[in-house]
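So the sequences go chain by chain: A and B.
If you're matching positions, the first sequence starts at 1 in the numbering used here and goes up one per residue.
If you're matching positions, the second sequence starts at 1 in the numbering used here and goes up one per residue.
Treat the hints as calculated values from the structure; they're not laboratory data.
Think of the CB as a built atom: it goes at the ideal place given N, C-alpha and C, for glycine as much as any other residue.
A couple of the hints might just be wrong.
Where chain B lies over chain A, by a calculated footprint (3+ residues, C-beta under 8 Å) [as the list claims (entries may be wrong)]:
1) 45–56
2) 89–97
3) 157–165
4) 199–211
Straight-line alpha carbon distances no greater than 27 Å define the calculated DSS-like cross-link-like pairs of lysine-lysine that follow [unchecked claim]:
5) A/K41 - B/K179
6) B/K59 - A/K74
7) B/K20 - A/K74
8) A/K116 - B/K192
9) A/K69 - A/K110
10) A/K110 - B/K196
11) A/K74 - B/K237
12) B/K147 - A/K84
13) A/K84 - A/K69
14) A/K110 - B/K20
15) A/K240 - A/K41
Beta-carbon label-pair distances, calculated as ranges [claimed, not checked]:
16) B/S14 - A/G43: 47 to 55 Å
17) B/R187 - A/G43: 25 to 33 Å
18) A/E117 - B/P11: 19 to 27 Å
19) B/S14 - A/V227: 53 to 61 Å
20) B/V204 - A/A63: 32 to 40 Å
21) A/G147 - B/P11: 31 to 39 Å
22) B/R187 - A/E117: 46 to 54 Å
23) B/L193 - A/G226: 48 to 56 Å
24) B/S14 - A/A13: 17 to 25 Å
25) A/A173 - B/R150: 56 to 64 Å
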Amino acid sequence: MSITLDSVFYTYAPGTPYASAALKNISFTVEKGEFVGIMGKTGCGKSTLIQLIAGLLTPDSGAVLLDGKNINDKNYDRNELHRKVGVVFQHPECQLFETTVERDVAFSLKHFGWSKEKVQSAVERALTMMGFDYEKVREKSPLEFSGGEKRRIAIAGILAAEPEVLILDEPIAGLDPLGREAFLVLVKRLNEAGMTILMISHNADALAEYAERIVILKDGMLFRDGVTREVFSDMDELQKNGIGVSEARQCAALLAERGFDVAKDTICYEDLLKQMIAIGRGQQ
Amino acid sequence: MNQLPTGMYQPGTSVVHQMKANIKIFCFLILTGAVLMAETIWGYAVLVLFSGCLIYFSKIGLQTALSSVRRLIWFLIIIFVMNLCFYGPENPWIKIGIFAPSYEGLMQGVHIAVRVILMMVIGNVLMVTTAPLVLTEGMETLLLPLKLFRIPTEQIAMILSVAMQFIPTLFEEADMIKKAQIARGARFDSKKLLDKAGAVMPLVVPIFLAAFKRADELSLAMEARGYRTDMARGQRKFGMPTGFEWLAIITCSILCILQILCL
Ligand SMILES: Nc1ncnc2c1ncn2[C@@H]1O[C@H](COP(=O)(O)OP(=O)(O)OP(=O)(O)O)[C@@H](O)[C@H]1O
Ligand SMILES: [Mg+2]
Chain A
1 MSITLDSVFY TYAPGTPYAS AALKNISFTV EKGEFVGIMG KTGCGKSTLI QLIAGLLTPD
61 SGAVLLDGKN INDKNYDRNE LHRKVGVVFQ HPECQLFETT VERDVAFSLK HFGWSKEKVQ
121 SAVERALTMM GFDYEKVREK SPLEFSGGEK RRIAIAGILA AEPEVLILDE PIAGLDPLGR
181 EAFLVLVKRL NEAGMTILMI SHNADALAEY AERIVILKDG MLFRDGVTRE VFSDMDELQK
241 NGIGVSEARQ CAALLAERGF DVAKDTICYE DLLKQMIAIG RGQQ
Chain B
1 MNQLPTGMYQ PGTSVVHQMK ANIKIFCFLI LTGAVLMAET IWGYAVLVLF SGCLIYFSKI
61 GLQTALSSVR RLIWFLIIIF VMNLCFYGPE NPWIKIGIFA PSYEGLMQGV HIAVRVILMM
121 VIGNVLMVTT APLVLTEGME TLLLPLKLFR IPTEQIAMIL SVAMQFIPTL FEEADMIKKA
181 QIARGARFDS KKLLDKAGAV MPLVVPIFLA AFKRADELSL AMEARGYRTD MARGQRKFGM
241 PTGFEWLAII TCSILCILQI LCL
């Protein structure tokens, strides 16, 4: 499923003293199976962008196309849209409401007309994917879990519907390091199985490691869009605009400053390690 | 939110914006009295005219002023129809089952509808031209005399101001939760009553949970920063009314007295 934004504009509360132009003239295309990281300073319009893609907001002008079809056309099937595009919001743990974990995870499946067995197996699969023991948690209330666990339950509820596109808004903020790594590996696995991923994150390290492409917004406008390696190479320009790059990239820059021969496209730890080994060998 | 919530404060520089909050509330109370006292067509005409001036002077636009009326239009229609059909069963025009529309009912319905609309418009002007926090501070000064009767006005004011500050956050949160559930396939726009009822839980439960959680966190934060209920709070000094404010008070009072005496 390809996603295309064609000169999209969006303003909150137009025509009032509170009007704020959140997105200005945004155009880009994401092909099926891509892993795109979305970055930008706080308030630059990232969340607005994904809400437009998920059909939760309607652009003032311009179009959002899924597989070439405008999702805001009158005869576009909304249910189809919500089934194919899964969204994990900034605080997904807030959306839990059912009496048991099983029912909550199955919430979005209700409308699909699936058989009971199919629903149950999808729920079990999703909960297992998120690291839960299905039999142990299915009858518990989702409210008796910790914040991080609740978030994982909520995400299971979105994965259970097997969306073709998964949109994540700051999914790893507030998770412990192990949980973060495990979650990113899971997302990468889903991506390798063909799911298109759009992930908003302030964590440049995570994006450098996992995303193939980076889109950066600045004041509601498209600031950068390109292959991760190329985007992060241009560290000075990014930092001037208040956007952090990965630690590996910063480390490479420091080494280069001291006169070592380190490539500019050193963006993840693996790259850095290779470069440092090469330097070490050279000195021996 | 694409649409601002009804009655949300909109900064401005009009004369109504510049009036002190306590005086605005005071005038609002007098006007409420006037609306409740109104009986005749002339009484209502004067009040409608006055509301028109109010909207003009506050420069908030007819759209904003009438937003709550528009939002509650069904409520108004139901009230009107109920009055029309059930108020005066003695000499109805016709009688169909329990429905007995009559002239008295019609008049009563019009009375009530006009009153509610007037109240909503005046209330809206107050809300839209006064920042929430200032509004509560205004209430606090008006409540001060109650202290004589050992009523904890400071605590009441604190409750009000905390509640006021919560409203926008809760709106935002509710909006987010609604969007999240729509993305999960919940349908809030279905016309079927059963679907509508089913759509309530995914909204209400998370919104209440979020509200309780916020309240809990806030009370902890307040205590951590040393808030005690018996503590005196800093108060805004509103000072003496200006000329225009005297004019507003006098106009409102005359309106109210006119309603009682003549109209
Ligand atoms: N409901 C709303 N009403 C009015 N303005 C809004 C609303 N939501 C966002 N905005 C404004 O739109 C702009 C973009 O907001 P958005 O939430 O998309 O930012 P963001 O990039 O997701 O930020 P963050 O990193 O903090 O999540 C901000 O300037 C914000 O003030
Ligand atoms: Mg955001």
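Outcome of the hint check:
Beta-carbon proximity to chain B at under 8 Å applies to 3 residues in the stretch 45–56 of chain A; the threshold of 3 is reached and the given coverage holds. With 8 residues bearing a CB less than 8 Å from a CB of chain B, the stretch 89–97 of chain A meets the requirement of three and the coverage assertion stands. Remark: the stretch 157–165 of chain A is confirmed as covered by chain B, as 3 of its residues place a Cβ nearer than 8 Å to a Cβ of that chain, reaching the required three. Residue count for the stretch 199–211 of chain A with a Cβ under 8 Å from a Cβ of chain B: 0. That is fewer than the three needed, and the coverage hint is violated.
This hinted pair checks out: A/K41 and B/K179 have alpha carbons roughly 23 Å apart, not beyond 27 Å. For the hint linking B/K59 to A/K74, the alpha-carbon distance of about 37 Å lies beyond 27 Å, and the restraint is violated. For the hint pairing B/K20 with A/K74, the CA-to-CA distance comes to about 49 Å; that exceeds 27 Å, so the pair is violated. Taking the CA atoms of A/K116 and B/K192, the gap is near 24 Å; set against the 27 Å cutoff, the hint holds.
With a C-alpha separation of about 26 Å, the suggested pairing of A/K69 with A/K110 holds against the 27 Å cut-off. Between A/K110 and B/K196, the direct Cα distance comes to roughly 15 Å. Compliance with the 27 Å bound is thereby established for this hinted pair. About 55 Å separates the Cα atoms of A/K74 and B/K237, which puts this hinted pair outside 27 Å; it is violated. The hinted pair formed by B/K147 and A/K84 fails the criterion: a straight-line CA distance of about 61 Å is larger than 27 Å.
Simply put, A/K84 and A/K69 have alpha-carbon atoms about 14 Å apart, close enough for the 27 Å limit, and the pair holds. A hinted pair counts as satisfied when its Cα atoms are at most 27 Å apart, and A/K110 with B/K20 does not qualify at roughly 54 Å. The suggested pairing of A/K240 with A/K41 holds, with an alpha-carbon distance near 12 Å, which does not exceed 27 Å. In this structure the supplied range 47 to 55 Å is violated for B/S14 paired with A/G43, their Cβ-Cβ distance being about 30 Å.
Taking 25 to 33 Å as the suggested C-beta distance range, the pair B/R187 and A/G43 conforms, at roughly 31 Å. The beta-carbon spacing between A/E117 and B/P11, approximately 58 Å, falls outside the hinted interval of 19 to 27 Å. Taken as a hint, the range 53 to 61 Å holds for the pair B/S14 and A/V227, whose Cβ atoms sit roughly 54 Å apart. Hint check: B/V204 to A/A63, Cβ distance near 35 Å, so the stated range 32 to 40 Å holds.
At roughly 36 Å, the beta-carbon separation of A/G147 and B/P11 lies within the given 31 to 39 Å, and the hint holds. Distance hint for B/R187 and A/E117: a CB-CB separation of about 25 Å, inconsistent with the stated range 46 to 54 Å. A C-beta distance of roughly 51 Å is found between B/L193 and A/G226, which places it inside the suggested range of 48 to 56 Å. Evaluation of the 17 to 25 Å hint for B/S14 and A/A13 yields a pass: the beta carbon distance comes to about 20 Å.
Judged by the Cβ atoms, the range 56 to 64 Å given for A/A173 and B/R150 is violated: they are separated by roughly 49 Å.
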